[in-house]
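> Taking the hints into account, I'd like the entire structure generated from these sequences.
Chains as they are written, first to last, in this note's numbering: chain B, 1 to 267; chain D, 1 to 267.
No lab work stands behind these hints: they were computed from the structure. Treat each hint with caution, since some may be false.
The list treats identical chains as one, so a pair stands whether inside a single copy or across any two.
Unchecked claim - Derived DSS-like pairs (lysine-lysine); straight-line CA-CA distance at most 27 Å:
| no. | residue 1 | residue 2 |
| --- | --- | --- |
| 1 | 156 | 90 |
| 2 | 156 | 228 |
| 3 | 30 | 90 |
| 4 | 156 | 77 |
These are the residues of each chain, in order.
There are 2 protein chains.
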Amino acid sequence: MKVRDLMTPVSFFKIPVDMDQEEAAKIFSKYKLPSAPVVDADSRLVGTLSANDIIEVIEEESTEDIQKMAGVEVLDKPYFQVPFREMIQKRVTWLCVLFFGESLTALAMGFFEGEIEKAVVLALFIPLIISSGGNSGSQAATLIVRAMALREVSFKDWWQVCRREFLSGMALGVILGAMGFAMIAVRSQFSDIYGAHYLLLGLTVSASLVLVVIWGTLCGSLLPILLKRLGFDPAVASAPFVATMVDVTGLVIYFLVGMAVLKGTLL
Amino acid sequence: MKVRDLMTPVSFFKIPVDMDQEEAAKIFSKYKLPSAPVVDADSRLVGTLSANDIIEVIEEESTEDIQKMAGVEVLDKPYFQVPFREMIQKRVTWLCVLFFGESLTALAMGFFEGEIEKAVVLALFIPLIISSGGNSGSQAATLIVRAMALREVSFKDWWQVCRREFLSGMALGVILGAMGFAMIAVRSQFSDIYGAHYLLLGLTVSASLVLVVIWGTLCGSLLPILLKRLGFDPAVASAPFVATMVDVTGLVIYFLVGMAVLKGTLL
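Structure below.
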């Protein structure tokens, strides 16, 4: 009797020897393989790969994605083993990029300095409005980046993602907008800080919140898909990058809404 | 001859049957085990666990951590399979919590309304300064949360983390502060937007950046350690939570520095 009659036929999953490790990890994870043969371009057996080799790749991958998503270059060593100088280098690049991006807010606000001068009260809500856009954008970016890493979402789904996130953004924006309006209306019953036109101010803040949250959600969900399409890693700094983008555009949205609503009263 | 003489002695790693799955995943990952016996409280064999069972746990764990870190409640299904209503529920809670937290910025700025009225130019740098604190805080939080998930950092390391992140924050803050100063100084050579006291304004902005970045880095690194110590999951909303906290306190730092530096000139 030959071995032919004893053997278990070779697994359906032959892993090409030059396949990307991450790619192989996806296959192991999806089909729960304990091990798989590794073959060369001519299907000749050259080795085996087992699930315990793959665990390390999956953990490293996740760590890399998490670090990139927060705007840190990938650390290749545990936290305490990265030399101080290297730690700074890994963090400073993205911080500087984000700083330059964010410095556009100072530029954008420069255009509206006259409006702020006339209605200082408008300035009070700037951090609240832009950070709400940034937070909803970061949420969307994180969900989509992770879904793409797990192959749940790909470029061909962009329109479906777009529709879904537009509706999500609208729902979330309306909820935050209502809270913003209520906050201003209630506080105005007990204090004079928002002046006589507090209802118009509330309208400005809540309408801006709706628009900024929709905009943040759309940017956050579509930017990773676009990055991937252009050949970049969608995880790269996605959350802070989206937040910075939405800070700048959110400011412009807020002041344009303010100019439309408050013309003739506060402005 | 008994089996005793044929067998490979049982692996050093006996996994208790009621061990946490994540805990077991760490052991598999650390020692690269292909499989391990599972035993009950009396060391009686009750089953086996293999690396391919563990892969799924590791992927789910990472996905959960990533979602929590962005302030999304854990989705238990792939992106497109989560019903719309559930998707909104998973996102709205943290957005509302962050909104309330961030609304403290409007309150804080209310206290400095007089200062903004006197020097509108101060308002222009608010988003830049608070978001720099938020970004550096998010970076630190992400690094520490991941390092804790991989057991590289634990509570007993808090003082070492504190020292290291204080120095990191200082280095990063000085770099961003210098960029902020240069930006204002250069722009003032070509335009009058920052007025005659542009050097003092530059000093205010850069000193605030240094302090806010140090503060953000410290909050970002110590908050996850504290959360864990108090029995909470350190990943929960850490990055946006830290950013919101630093937005509010960063504003106060900025205006206090401004009042100290600009007293008698702009204020």
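> With identical chains treated as interchangeable, where does the CA-CA distance between residue 156 and residue 228 reach 27 Å or less: within a copy, between copies, both, or neither?
within (12 Å within a copy, 40 Å between copies)
> Pop the pair residue 156 and residue 90 into one bin, within, between, both or neither, using alpha-carbon distances up to 27 Å.
between (33 Å within a copy, 25 Å between copies)
> Indicate which option fits the pair residue 30, residue 90 if close means a Cα-Cα distance not exceeding 27 Å: within, between, both or neither.
between (33 Å within a copy, 25 Å between copies)
> When no copy is named, should residue 156 and residue 77 be tagged within, between, both, or neither for a Cα gap of at most 27 Å?
between (36 Å within a copy, 20 Å between copies)
The structure fails none of the hints (numbered hints given earlier).
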